[in-house]
Amino acid sequence: SAVISQKPSRDICQRGTSLTIQCQVDSQVTMMFWYRQQPGQSLTLIATANQGSEATYESGFVIDKFPISRPNLTFSTLTVSNMSPEDSSIYLCSVGGGGSYEQYFGPGTRLTVT
Amino acid sequence: GQNIDQPTEMTATEGAIVQINCTYQTSGFNGLFWYQQHAGEAPTFLSYNVLDGLEEKGRFSSFLSRSKGYSYLLLKELQMKDSASYLCAVRGLSGGSYIPTFGRGTSLIVHP
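These protein sequences, in sequence, are chains A and B. Anchor point for the first sequence: position 74 equals 198 in my numbering, and the numbering is continuous, going up by one each time. Anchor point for the second sequence: position 45 equals 69 in my numbering, and the numbering is continuous, going up by one each time.
Hints were generated in silico from the structure; no laboratory data involved. Values in this document were obtained by computation on a predicted structure and should not be read as measured data. One thing to keep in mind: the hints can contain errors.
[Stated by the list, open to error] Quick list of the computed label-pair ranges, beta carbon to beta carbon:
1. B:Thr37 / A:Ser125: 31 to 37 Å
2. A:Pro209 / B:Ile133: 39 to 45 Å
3. A:Leu197 / B:Lys81: 25 to 31 Å
Glycine included, each C-beta is placed from N, C-alpha and C at the ideal position.
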């Protein structure tokens, strides 16, 4: 199994600002995923971050809005840029895939944009 | 693309059995997952099916039929703590990688 921590756990931000969310895993993993979960909704994949390469973004998400870093096999960051109230959501880091079928989730970062 | 469909909400009685269905369409199928998510918490892994048939794990079982694009999660001897959202997720081929896509989730309410 993998233990995942995220910082911050929650934040309230003003419109137009940016927030960087950190994800730390207790073991080396190849694939890391960033999801968004809006109130009452399921998880939407934002991007897949592999170490040593550019993140792969899903339809509807762009690098300018959600830049991602993956400096090593245990850490990643997601930045939510130029925030608007529509970005209010829970952002979840997840690891898994590759040879392991099980996918683990971090505790999430609850973001409120005012 | 991928499409996953599951009921929005179900209710059941404590001690009973409930079956949550999931139908899907995907390219390059590489596994189906069920997750449990309590309000305000991250999803936790319940089960994984990649071959047809039933996988049993304690009170929870999961079934898969790849030819029908169909799965169900069976919960036996329901307890109040089983009240949660249950997410069906399918891993399919996207851009050369196997990516999991989640359904909207089924909110299960267990009442006494």
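A quick look at each hint next to the structure:
no.: 1; hint: B:Thr37 / A:Ser125: 31 to 37 Å; in the structure: 33 Å, holds
no.: 2; hint: A:Pro209 / B:Ile133: 39 to 45 Å; in the structure: 30 Å, violated
no.: 3; hint: A:Leu197 / B:Lys81: 25 to 31 Å; in the structure: 30 Å, holds
Consistency note: the structure conflicts with earlier hint 2 alone.
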